[in-house]
Amino acid sequence: MTASPGDGAELVRAIFAGAVEAGLRAESVRGASDAEIDAMAEDQRARAVPAAAREVLRLIGTTHGLWLPGSSLGVDAVRGEAKNHAAATANAQNAELSDVDGALVLAAHGGYTYHVVDGADADQDDPQVWLLTEDEPARVAWPSVSAWFKAITPDVERYRERLEIMRETGSDFLPPWAQDLVVGG
Numbered sequence: 032m033t034a035s036p037g038d039g040a041e042l043v044r045a046i047f048a049g050a051v052e053a054g055l056r057a058e059s060v061r062g063a064s065d066a067e068i069d070a071m072a073e074d075q076r077a078r079a080v081p082a083a084a085r086e087v088l089r090l091i092g093t094t095h096g097l098w099l100p101g102s103s104l105g106v107d108a109v110r111g112e113a114k115n116h117a118a119a120t121a122n123a124q125n126a127e128l129s130d131v132d133g134a135l136v137l138a139a140h141g142g143y144t145y146h147v148v149d150g151a152d153a154d155q156d157d158p159q160v161w162l163l164t165e166d167e168p169a170r171v172a173w174p175s176v177s178a179w180f181k182a183i184t185p186d187v188e189r190y191r192e193r194l195e196i197m198r199e200t201g202s203d204f205l206p207p208w209a210q211d212l213v214v215g216g
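Following the working numbering, the numbering of the sequence shown begins with 32 at its first residue and continues without gaps.
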């Protein structure tokens, strides 16, 4: 995904709108306020919150629904402790992040995997996102926050197909994630 400077937030909004258009219930997620986002960043000691990351959190920063289910994502879930663990992982690996102390952790999974914006890039509109995983080399996994958001956006069509298969097999069970979809009759 190639972006022009200054349009990271716009790309994030377009990705979210595409998911809603595909059948995701917009009300299945809840965004965070700027004050909540700033408090999260302060707790992490992050140098800044890139515009694209701020927009992600404005959209799904309080309740993230089908975005990275089972992972920690959002202003209440990814705080200073996650940052401390991510920094320890980066330092143990001698990761090539320029500013680990000022980095912003976007998501964490299981206490061993982190999606991170380098503190040196935090003042950019739509910076690259690093993947830090214990016992694996740190690497830039996504060229931008908006590309990261697109990569973690739920595949609504796949969820719909799963529901259809359940119906075809006569299952009466409706999984909890089904409430996050607009299901046509």
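In case anyone wonders, no lab produced these hints; they're calculated from the structure.
Only a predicted model underlies this, so the values are computations on that prediction, with no experimental measurement involved.
It is possible that some hints are incorrect.
[Stated by the list, open to error] Have a look at the derived ranges for each label pair, beta carbon to beta carbon:
| id | residue 1 | residue 2 | range |
| --- | --- | --- | --- |
| 1 | D166 | D38 | 33 to 39 Å |
| 2 | T164 | D69 | 24 to 30 Å |
| 3 | A151 | A123 | 15 to 21 Å |
| 4 | D186 | T144 | 18 to 24 Å |
| 5 | P100 | A123 | 26 to 32 Å |
| 6 | A48 | V171 | 23 to 29 Å |
| 7 | A182 | Q124 | 20 to 26 Å |
| 8 | G142 | E73 | 32 to 38 Å |
| 9 | A119 | E192 | 37 to 43 Å |
| 10 | E58 | E195 | 20 to 26 Å |
| 11 | D203 | R61 | 27 to 33 Å |
| 12 | G142 | A45 | 30 to 36 Å |
Note that beta-carbon positions come from the ideal geometry of N, C-alpha and C, so glycine has one too.
Against the structure, the hints come out as follows:
Between D166 and D38 the Cβ separation comes to about 36 Å, which falls inside the hinted range of 33 to 39 Å. Separation of T164 from D69 is about 28 Å and conforms to the stated range, judged on CB atoms against 24 to 30 Å. At roughly 19 Å, the beta-carbon separation of A151 and A123 lies within the given 15 to 21 Å, and the hint holds. Hint check: D186 to T144, Cβ distance near 20 Å, so the stated range 18 to 24 Å holds.
Judged by the Cβ atoms, the range 26 to 32 Å given for P100 and A123 holds: they are separated by roughly 28 Å. Separated by about 27 Å at the C-beta atoms, A48 and V171 satisfy the suggested range of 23 to 29 Å. The beta-carbon spacing between A182 and Q124, approximately 22 Å, falls within the hinted interval of 20 to 26 Å. Separated by about 22 Å at the C-beta atoms, G142 and E73 break the suggested range of 32 to 38 Å.
Here the CB-CB span from A119 to E192 is close to 40 Å, well matched to the stated 37 to 43 Å. For E58 and E195, the Cβ-Cβ distance of about 23 Å falls inside the hinted range of 20 to 26 Å, so the restraint holds. Range check, D203 to R61: about 29 Å between beta-carbon atoms, so the 27 to 33 Å window is met. As the Cβ distance of G142 to A45 is approximately 33 Å, the hint placing it in 30 to 36 Å holds.
Violated hints amount to a single one, hint 8; each of the other numbered hints is respected by the structure.
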